[in-house]
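> Top to bottom, those sequences are chains A and B. Following my numbering from start to finish, the first sequence increments by one per residue and tops out at 66. Following my numbering from start to finish, the second sequence increments by one per residue and tops out at 923.
Just so you know, the hints here were simulated from the structure itself, not pulled from any lab data. Glycine residues also receive a C-beta, built at the ideal position from the N, C-alpha and C atoms. Be aware that a few hints might be false.
What the hints assert, rightly or not - Derived coverage of chain A by chain B (criterion: at least 3 residues anywhere in the stretch with Cβ under 8 Å from a Cβ of chain B; other residues may be distant):
(1) -4 to 7
(2) 20 to 28
(3) 36 to 43
(4) 50 to 62
What the hints assert, rightly or not - Computed spacing ranges between beta-carbons, pair by pair:
(5) Asn296/B - Lys(-2)/A: 55 to 63 Å
(6) Lys(-2)/A - Ala385/B: 53 to 61 Å
(7) Ala62/A - Asn17/B: 24 to 32 Å
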Amino acid sequence: MPSDERSEKQAAAQQAVDILHEISTILNCHLDRRTLSICISMIENGVNPEALATVVKELRKEGQEVQMQKLEAARRR
Amino acid sequence: MSHDRSNRISNAIDSLITHLVPGDPQDDEQTAQERHDTCFELVRSIFQRPGSPAVSSDVNHASDLIKRKLIQSNPSQALRFANLYTRLLSLPVLNHKWAILYLLYQLSDSPDPNEPLPLSPPRQPVQRGTTRHAEKESFSKGSTPVPSHEEEAFNDAFAPGGLKKLPPERARSGGSGEYAGTQDGESPTRKDTRDVSLKSTLLADNSIGFEPSETVLLRDLPFTLQGLSSTTLPFAKETVLKLPPTLPSPIISLLHALAEPSLLYRGLGTFVKSPAEGLLGQSLRAAINNELRSYLTLVATLEGQIRRALSSLDESAPRSGIGKAGVTLKRCVVWTREATMGLRLMSLIAEESRSRKGGQLISLIHSFSTSHGDPIVAAFAERLLVHVTRPFYDILRRWIYDGELSDPHREFFVKEQKPSDEDRKDWKTKGLLSVWNSKYEVDDAMVPSIITADFAQKVFLIGKSLNFIRHSCGDSQWVEAYSKTSSKELKHGDTATLDAWIDEAYKTTMRRLMELMSTKFNLFDHLQALKNYILLGQGDFIALLMESLAANLDRPAGAQYRHTLTAQLEHAIRGSNAQYDSPEVLRRLDARMLQLSHGDIGWDCFTLEYKIDAPVDVVVTEWGNRQYLKVFNFLWRIKRVEFALASTWRKCMTGSRGVLQTSEEKVLQTWKSTRGVLAEMIHFVGQLQYYILFEVIESSWTELQKNIRKEDCTLDDLITAHTKYLTSITHKGLLGARRRQYADAMKEAAAQAGAEAAGEDRNSYMIQLGELIRTMLAYRDSVDGLYSWSVSDFTRRQEADAQGLIRNPNAKHVHTPSMGDLGEGGVKSEFPALQERLKQLGSSFRTRLQILLGDLAYQPDVDMRFLGVSMNFNDVYQPVRRKAKPAAGAGGGSAGAGSGGQKEAEKADKVANTSKV
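The following block holds chain A by itself, in its conformation from the complex (with noise of 0.2 Å):
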């Protein structure tokens, strides 16, 4: 039953998301539900853990000064 497996696994799968976000919680991470799928996914697909870490950490702070430059440009109009 192939249906079945993949839905038992789906379950499987929102399980160890839980899991892991309330982990993530725990170390205060900051890390969205969302964030953390993508991140399982592609730890799964083989991308080493420290550099993935490097890179959210880099893309944060991009993020950061995305909302900055929102922040000026909104205070010089």
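Fit chain B to the given chain A structure using the hints.
Below, chain B without anything else, positioned relative to chain A:
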């Protein structure tokens, strides 16, 4: 497949970028695309970086890192994490769980992305491009400078071969500096954590297997700690734990450390179960049992830890992965360390307590709590002490508030006296035994060191007084009321309050006891009465009694009847001021005869008695009564001599005007010297009486009054004061039965007095005075004889005169020689003998008196020396030193008698003449 994978990855990167770097609605499509591309580039470059080797693919390692971090920062979350982790492991879906965890670990405690960057300097939008370019540059080279140090260390640490070299100092300090910025203070511990994890990895790699394995040992450890045998660690004997011989020595030494609490626990377990022989022993066992219970709680916790660790073990890991489970033998040793110290102390106490009981037991534990340098030991002993002393304080409470000794196992420091003791018999013979001082006693060895000796004495007095009030004074109502109102819970620890309560109880009971003594039992009235009647303080009563009894007492002792004596006593009371005394006192006064011996006359046997009954007899003891009687007898004898001498003197004085008139020179001379000696004797008796009554009794009485009227006088003080009073009377009143001891006690001129006393009889003064009194009485008898001779001579002369007058009324002068002729026979027959006897008795009296004066002159006691001075104020007598008596004393004495006697006689004559006029 790989293409597919890279495709998926780039998709994921895309979505990640769009998610994390939200597009700016103001920006146009192109800018957004551009930014997206830059980010994509950046991400790619990071991923493609070569210097990022795979971390050690140990799932436990990542979780271990997280666990350590959480334990340090937030222990409660650690447990939650452990749960989540086990759940995660059980899920079948993910293949790279460790990697995900590692990612989370890396991201942990990262700043919230939704907050604006606090640390980043404000950037000019113009320079954005170049900045980004620079960033790109740095990324392509490696990474941001700070993470690179971190990375190096990690790279080293997680290289498959372990840490090859120490992380460079620069990296270490740089790393910690970096962390200090964001989460101050935690960085060093974090570094330590890393070290520990490194070590554990190292250990895990380098461990050697042994049999039975640590897991098995750990499984059996809780049983061993509870003193139960297990397959690997059986107890061979009560005090022997058998260790498996196959273990390497480090493990053996660990097990040695763990065996100590096990064996101690076993020993203490048997001690607690052993029957105790006292309340304190029982409470000690209970307290130890309590401590053992908390030890068991510890063991139970330990067991829980061990079980959990064992269940999460990974069998495949080296050393079964025990290093990461968190529970090892070493850790168990550390956890049981403090408990082991407690057990050690308790077993020491248990061992020592076998030979001790009661107060000694408390002292033992107290010595640990006060004089042990280790604060842990002191605190532990203090805690133990609170429980152990409870029965002791219960006994104490009963004792100081109820006056009852409820101490079935003889553990209190107050105990009932055993009548079998040698001292006690000795006391009994001395008459010192009374309910007050021989019912209870303090056992110094049992006084626990938590209270001082002073305090113990106070406690002892309180209880004794209460007991006395209840049982001897018949005032149990007051005691009950008192215990109801003031009974308080006594506990160890608050010494100041305890002291205050004891003081209060002490004051209350003492006040009550003294009140009872003075009002209900009229103690002071009795003392006054004893002084008035037994010590002859009431002059008119004694004079009347003596007068009315004199005729009776001259008869032999066998002819004395009690009813006549009591009748005369009654008469004396009625006839004197004694009648105004309270009936309570008069009721106790009694006259009776002492044990007769052959040839005694009434004077020797008569005695007055003052009956004392309980509870006053604790003050006026049997011994005291005997002392009173002794003093009375002595005074009575002196009084009797005085009385006899006075009556004889009176007879002489009245006679000298009538019957004693004679013309014979010889007879007149004899009478004259006789009167002189009589006056000497009267002077002596008068001085002696004055001395005893005023110098001795009255001054001692004043002293006694002063002592017993004190504000905080206790019954003990009273007894002591009274005993001192009696001792000083008996000693100074020349009765010194214990003269030598007294002299020693005086400690003044001890050598001299001691040397002197050594040569004397114990009762020397008593004997000397007895001799003097006997001499005086004999002298009086002789004077009486002389008197009757003179009377008969006078009668004869009268008769002769009458006959001559009848025969020859005119020739009166003729008859004078005839009287001499007639009387010749009478004078010849009796007069010289009488004269001789009087002379002899007079000189013997003088000799004895001089010896007495000699003794008195060298007395250490001032009052007694004073007596000598007042008797010999005009230096009539020459005091004779006793030591010189054999040779010079006799000569000097006789010479003194020769020269001094004349003078004294003349003086006495003068006194007699003046008194006559």
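> With reference to the structure, classify each hint as holding or not holding.
Right, here's what the structure says about each hint:
no. : hint                             : result
1   : -4 to 7                          : holds (count 5)
2   : 20 to 28                         : holds (count 5)
3   : 36 to 43                         : holds (count 8)
4   : 50 to 62                         : holds (count 13)
5   : Asn296/B - Lys(-2)/A: 55 to 63 Å : holds, 57 Å
6   : Lys(-2)/A - Ala385/B: 53 to 61 Å : holds, 60 Å
7   : Ala62/A - Asn17/B: 24 to 32 Å    : holds, 31 Å
No hint from the list above goes unmet by this structure.
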